[in-house]
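Okay, here's what each chain looks like letter by letter:
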Amino acid sequence: MRRRNGNRRTELVLLAAVCAAVLAVAYGLGIFLPAEALEGNFLQAGQPPSLEHFFGTDSLGRDLFWRTLKGLSVSMAVGIAASLVSAGVAVLAGLAAASGSKIADAAVGWLTDLVMSVPHTVLVLLISFALGRGLLGLLAGIAATHWCSLARLVRGEVLKLRACHYVALSRRLGKSGGWILIHHLLPHLLPQLLVGMVLTFPHAILHEASISFLGYGLPPEQPAIGIILSESLRYLSAGMWWPALLPGAALVLLVLLADKLGSCLERLLDPASAQE
Amino acid sequence: MKGTVGRLARIVAAYSIKMVLLLLAVSAVAFVLVTASPVDPVQQYVLHMGTAVSSEQREEIEDYWGVDEPPAERYLHWLSRVLHGDLGESSLYRRPVADIIGERFLNSLALMAAAWTLSSLLGFGLGCLMGRYRGRWPDRLLKSLCYILSSVPAFWLGLVLLLVFSVWLGWFPIGFSSPIGALRGEVTLGQRLYHLALPALTLSALSFSNIALHTRQKLIEVLESDYVLFARARGEGEWAILRRHGLRGVLFPALSLAFASFSELFGGSVLAETVFSYPGLGSAVAEAGLGGDVPLLLGITLFSALFVCVGNLIANLLYGVVDPKIREVQE
Amino acid sequence: MGQAAEALLEIRNLSVSFHRYGNGFAQEELKAISDLSLTVRRGEVVAVAGASGSGKSVLASAVLGILPGNAAVEGQLLYRGEALTPGRQRALRGREIALVPQSVSFLDPLMRVGVQADGSRRPRQTERRRQIFRRLGLPEETEKLYPFQLSGGMARRVLVSTALLADAQLIIADEPTPGMGLGQALEALRMFREMADEGRGVVLITHDIDLAVEFADRVAVFYAGTTVETAPAADFQRGEDALRHPYSKALWRALPQNGFQPVAGHQPYAGSLPVGCLFAPRCPCRTEECERKTPPVRQVRGGEVRCFYGA
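One line per chain: the protein sequences are X, W and L, in this order.
What the first sequence shows, in this note's numbering, is residues 1 to 276, in sequence order.
What the second sequence shows, in this note's numbering, is residues 277 to 607, in sequence order.
What the third sequence shows, in this note's numbering, is residues 608 to 918, in sequence order.
Take these hints with a grain of salt, some might be off.
[Unchecked claim] Sample of chain X residues at the chain W side, in silico, Cβ under 7 angstroms:
#, residue
1, 118
2, 122
3, 129
4, 132
5, 134
6, 215
7, 244
8, 246
9, 255
10, 256
11, 257
12, 259
13, 263
[Claimed, not checked] Lysine to any residue pairs mimicking SDA-like chemistry, simulated, CA-CA at most 20 angstroms apart:
#, chain 1, residue 1, chain 2, residue 2
14, X, 260, W, 421
15, X, 260, W, 416
16, W, 294, X, 148
Worth flagging that the hints you see were computed from the coordinates, not collected in a lab.
Every residue gets a Cβ at the ideal spot worked out from N, C-alpha and C, and that includes glycine.
Make the full structure from the sequences, and use the hints.
Rendered as C-alpha cells:
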C-alpha cells in the first residue's frame with residue numbers, strides 16, 4: 001500500500017517535471033529568439049507548412065512557427081504576471097474576509113457577487129477600455145476576474161487554521177496578528193496558493209488570447225497568439241488554413257500542459273483528491 | 277401548491293432586492309471605469325459625426341454626460357437618465373443605444389438560446405452516459421474530451437469550424453445572421469438557422485463540458501447512494517434505476533447549473549459573434565469598446581449584468597421548486 | 608422450531624473479496640468474507656452478530672447478488688435447495704428474497720414514500736401497500752410524505768413494508784435497530800419475529816447481541832468475515848460457559864450486564880488477514896496450530912464452532 005503510494009508520487013513528480021520542463025523550454029525559446037527569425041520576407045509570403053517553415057508563413061512572409069513560439073512566451077509571461085496579481089488580490093481579499101470582521105467578510109462576498117454578475121469577457125473589455133487598452137489593461141482585467149476563486153480558497157484555509165489550537169495558543173500568548181500571520185498562516189497557505197496560481201495560469205492564458213483576439217489586449221505589432229489568429233481570420237476565406245490551425249493548436253497544447261502541471265501539483269499536495 | 281407560489285414569491289422578492297443593488301453597483305463601477313478611460317464620450321461623438329455637429333447637438337450631448345458637474349453628480353445625473361430609459365446615443369451607429377440593444381439582443385437571443393439548448397441537452401445526455409458507465413471506457417473517453425474542450429479557446433474553435441465547414445466543405449456561410457443584401461422581412465427561418473448553426477455550435481462547446489462533468493458527478497453520487505443499492509436489492513434494473521432515481525436527482529441540478537452559467541454564455545457570445553461577424557450584442561460590445569462608443573459599451577454592460585442576474589434568479593427558483601426539504605417545510 | 612422445516616438459505620464456504628486497483632497493474636485484495644457457512648430455515652430468525660466493520664453488510668449484498676463489480680465470490684449459495692445463480696438472484700430479489708436496510712438513507716430523498724414503497728413493479732399494488740401500511744400502524748397521510756419528514760420508527764416501518772409487499776420468503780434485515788430508542792427497537796424486532804412465525808426465514812444482521820438474543824432462534828457470531836460460532840440463542844442467556852468459541856465468550860463478557868470487559872486487540876485489516884485462525888492474534892488460548900492452520904467447523908453441543916479447542 002505505502003510502496004504504491006510512493007510510486008504514485010514519483011510518477012506525479014515526474015509528470016509535473018516534464019510538463020514544467022516543456023513549458024520552460026517553450027518560454028525560453030520564445031524569449032531568446034533572435035529578432036531576424038521574426039522578420040518577414042515578402043518573397044516567401046503565404047507559404048503552407050514545409051520543412052523550412054514548420055507552420056508555414058503568413059501574408060507578410062513571416063515564419064509562423066517562430067512567431068507562434070514568441071507569441072506563446074508572451075502569453076506565458078502575461079499569464080504568470082496575471083496569476084501573480086490575481087493571487088496578490090486574492091490573499092488580501094481572503095485575509096480580510098477571514099479576519100473575523102463580519103463586515104469585511106460580507107464586503108468581500110458582495111464584491112465576489114459583483115464580479116460574478118458581469119460576464120467576464122465584458123468586464124475585461126471594460127477594464128481594458130478604461131486603462132486605454134494594452135498590457136496594463138489586460139493584466140488588470142484578468143486579475144479582476146480571476147481573484148474570486150483563489151480568495152475563497154485563502155479564506156477557507158485561514159478560517160480552518162484560525163480554529164487550530166496552536167494558533168489560538170499563540171494568540172493567548174500575546175503574539176500579534178502579524179506575527180501569527182507570518183509564522184503560522186503563511187507557511188500553510190503558500191503551497192495552497194502556489195497550486196491555486198498554477199491552476200489559474202491556463203485560464204489567464206486563455207483569457208489573454210481571447211482579449212488580444214478581440215483587439216483589446218496587446219498591440220497588433222506584438223506576435224501574440226490572439227493577434228496571429230485574429231489576422232488569420234482575414235485570410236481564411238482565401239484558403240490559408242495554417243495561420244489559423246497550427247498556432248491555435250499550439251496554444252491548446254500549452255494550456256493542456258499547464259493544466260496538467262496544476263493538477264499534478266494539486267494531487268501531490270493533497271493525495272486525498274487523487275481518488276478521482 | 278399555494279405554499280409553493282408563496283415560497284417562490286419570497287425567493288423572487290429576496291433575490292430582486294439583491295439584484296437591484298448589484299445592478300446599481302455594476303452601473304457605478306462601469307461608469308467610473310469609462311470616466312477614467314482616456315476616451316472622452318463627447319469628443320468621440322463629435323469625431324464620428326464629422327464636421328456636421330451643430331452647437332445644439334453638442335450641448336445636448338454635453339448635458340447627457342454632465343460635463344461640467346462633479347463626478348458623483350455626473351453619475352447620478354447619468355443614472356437618472358438611464359432609469360428613465362435614455363441610454364444615450366451610440367456614436368458608431370448614431371442611433372439610440374436602447375434601440376440597438378433591443379434589435380441586436382434578438383439576434384443574440386436566438387444564438388444563445390440555440391447554443392444553450394444544445395449544450396444543455398448534449399451535456400446532460402453525455403453526463404448521464406458517463407455516470408452510467410463510470411470508470412469504463414465510454415466514461416474515460418468522454419471525460420478526456422470534456423477536459424480537452426475546456427482548454428480550447430472558443431474563438432479558435434470557431435475558426436476551426438469556419439475553416440472546415442465553410443471554407444473547405446462549403447456547407448455553411450462565412451458569417452452574418454442572414455444572407456447579405458436580403459431585407460429583414462425576407463429572411464426565412466431556415467436561412468436564419470443555417471447562419472446560426474456554426475456560431476451556436478461554437479458557443480455550445482464552451483459550456484457543455486461543464487454541464488456534462490457536473491451531471492456525471494451528480495449521477496455517480498446517486499448511483500452509489502444507499503437508496504439505489506436498495507432499489508437494486510428490490511429487483512429494479514439498471515435502466516429503471518436510472519429513470520426512477522437517477523433523472524430525479526440529476527435533472528434539476530443540471531438545469532440550475534445551465535441557468536447559472538448565463539455569464540459564461542454571454543462572455544462566449546462576444547467571441548463567437550466576433551469570429552462569425554454575427555450581428556448580436558457580443559460583437560457590438562467588442563466594436564463599441566474599440567470604436568470608443570461609450571454609451572453603447574455602458575448600455576450593453578448593464579444589459580449583460582441584467583441577463584446574468586435573471587439566469588441566477590431562475591436557477592434559485594429551480595432549487596426552490598425541486599428540493600422537497602425547502603418545499604414541504606414551509607407549507 | 609422443527610428440524611424438518613425447509614432450509615430457505617444455505618451458505619456454504621462463502622468467500623467474498625474485493626479487488627482495489629491502485630495505479631497501473633498493482634492491485635490489492637480485501638477479503639470481506641472468508642469461508643462462511645450458514646443455514647436459515649423457515650420459521651427461524653437467525654441473528655448474525657458481530658462488531659461493526661466485520662463485513663456483515665457484504666453478506667447481505669452477496670446473497671442478493673448486488674455486490675459492486677470489483678467483488679469476487681467463491682463458495683456455494685443455495686436458495687430452497689437450488690443454486691443461487693446470478694440469473695436466479697436477479698429473478699428472486701425483491702420478490703422471494705427481500706432486504707430491509709438500516710436507515711432512512713435507503714429511501715430516495717426526492718420521492719414520496721408511497722410511490723417509493725410501491726416499487727417499480729407493474730401492475731402497481733397500491734391498495735395492498737395501503738393495507739400493509741395500515742397493518743404496520745402508519746397513518747394514512749404517510750404515503751404523501753418525503754423521507755426526511757419521517758421519524759426513525761416510521762422510516763423503519765416503511766422499509767419493512769417493502770418486504771411484506773413483495774411477500775418475500777427470506778428477509779435479510781441489515782442493522783435494523785441503531786438510532787432507535789429501546790421501545791422502537793423492540794417493536795422493530797417484534798415485527799421480524801412475527802414474519803418468521805408466519806413461516807418466513809429472517810436473517811437479522813446486527814451488532815447488538817443483547818437485542819438479537821431476545822428475538823432470534825440462533826445466533827451466528829461473526830468475526831473478520833466469517834462465523835466463528837453458531838449457537839442457539841438460549842446459550843447466550845445461559846452464560847459464558849454455554850458458549851463454544853473464545854470470541855463469543857469475550858463478546859459475552861463485554862456485555863454491560865456481564866462486566867463490560869472490552870475485547871483486547873482489534874479486528875485484522877481485510878487486506879492482510881492472518882494465515883491460520885482469524886481470531887488467533889487476539890485469542891488468550893491460541894497454540895501454534897491456530898497460527899498455522901484454519902480450524903474446521905465442528906459440531907459441538909447442538910451448535911457449530913470454528914475452533915480446534917472449543918467445547
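Against the structure, the hints:
Checking residue 118 of chain X against chain W: minimum C-beta separation of about 5 angstroms stays under 7 angstroms; hint holds. Taking 7 angstroms as the C-beta cut-off, the interface hint given for residue 122 of chain X holds, the closest approach to chain W being about 5 angstroms. Because the smallest distance between the Cβ of residue 129 of chain X and any Cβ of chain W comes to about 5 angstroms, under 7 angstroms, the interface hint for this residue holds. Look at residue 132 of chain X: its Cβ gets to within about 5 angstroms of chain W, closer than 7 angstroms, so that hint holds up.
Here the hint on residue 134 of chain X is broken, as its CB sits about 11 angstroms from the closest CB of chain W, past 7 angstroms. Checking residue 215 of chain X against chain W by beta carbon gives a least distance of about 6 angstroms; that is within 7 angstroms, so the hint holds. Interface hint at residue 244 of chain X: satisfied, since its Cβ lies 5 angstroms from the closest Cβ of chain W, which is below the 7 angstroms cut-off. A hinted interface residue such as residue 246 of chain X counts as satisfied when its beta carbon comes closer than 7 angstroms to some beta carbon of chain W; here the least separation is about 11 angstroms, so the hint is violated.
Of the supplied interface hints, the one on residue 255 of chain X holds, with its beta-carbon coming within about 4 angstroms of a beta-carbon of chain W, less than 7 angstroms. For residue 256 of chain X, the suggested interface contact is upheld, since its CB lies about 5 angstroms from the closest CB of chain W, less than 7 angstroms. The interface hint given for residue 257 of chain X is broken, as the beta carbon of that residue sits about 9 angstroms from the closest beta carbon of chain W, more than 7 angstroms. At a threshold of 7 angstroms, the smallest CB-CB gap from residue 259 of chain X to chain W is about 6 angstroms, leaving the interface hint in force.
Against a cut-off of 7 angstroms between C-beta atoms, the interface hint on residue 263 of chain X is violated, since the closest Cβ of chain W lies about 9 angstroms away. The suggested pairing of residue 260 of chain X with residue 421 of chain W holds, with an alpha-carbon distance near 14 angstroms, which does not exceed 20 angstroms. For the given pair, residue 260 of chain X sits about 16 angstroms from residue 416 of chain W by alpha-carbon distance, which is consistent with the 20 angstroms threshold. Of the supplied pair hints, the one linking residue 294 of chain W and residue 148 of chain X holds, its CA atoms being roughly 19 angstroms apart against a limit of 20 angstroms.
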